[in-house]
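Asker: Sequence:
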Amino acid sequence: MKFLLLAFLSLGLSQVRDIVLRTKEKGIPSVGKGLEVEALVVAEKKDITPVKLFIVRDKIPFELTAKLESEDPKGLIYSALAPAPVKEMIVIAYVPISAEKAIKSKPLFIKRPCVQKTELEKEVSLDRIPVENLIELNEGLTFDTELYQNLIKQIETLARVLDQ
5 MKFLLLAFLS LGLSQVRDIV LRTKEKGIPS VGKGLEVEAL VVAEKKDITP
55 VKLFIVRDKI PFELTAKLES EDPKGLIYSA LAPAPVKEMI VIAYVPISAE
105 KAIKSKPLFI KRPCVQKTEL EKEVSLDRIP VENLIELNEG LTFDTELYQN
155 LIKQIETLAR VLDQ
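Using our numbering, you'd call the opening residue of the sequence shown number 5 and step up by one each time.
Straight line, CA to CA, 25 Å or less: simulated DSS-like cross-link-like pairs of lysine-lysine:
| hint | residue 1 | residue 2 |
| --- | --- | --- |
| 1 | 63 | 108 |
| 2 | 56 | 78 |
| 3 | 28 | 108 |
| 4 | 71 | 157 |
| 5 | 30 | 78 |
| 6 | 110 | 49 |
| 7 | 78 | 110 |
Hints are computed from structural coordinates only; laboratory data are not their basis.
Because the structure is a prediction, the values reported are computed rather than measured.
With the hints as constraints, model all of the structure from the sequences given.
Answerer: Spelled out as structure tokens, the structure:
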């Protein structure tokens, strides 16, 4: 399922005409994994910077700066990687035009139909587990490993931002 939201911007203060928000994935990734959000900026200029994403993920607000990824016949594609929500996420793309004004899109709403399991597997002695349950344990450990790998990526990104 691809989320798509078209925001028509009628302000004559900038060369930005439209902003289209969408996610790259067809569904919502597991909790904490990266969810790539794209903003298609339809503008007369070929260099619109910065394009910001204001995100509220599970009631926690934060902001990301989207990077220019490519050009589309319709405009410029900017993207940013945000951690997938536990329950819901709201994204608004905007382009600042002055200290007080910005051109913004309508919100993109992302909501899970149900809440995913986010607890880590408990330490268990393998000799006590029936063979048929080992597959289930392996799936849980794979999930935990993917979660840890994504957290490491987020920490590395944060460290790079703090060093700048």
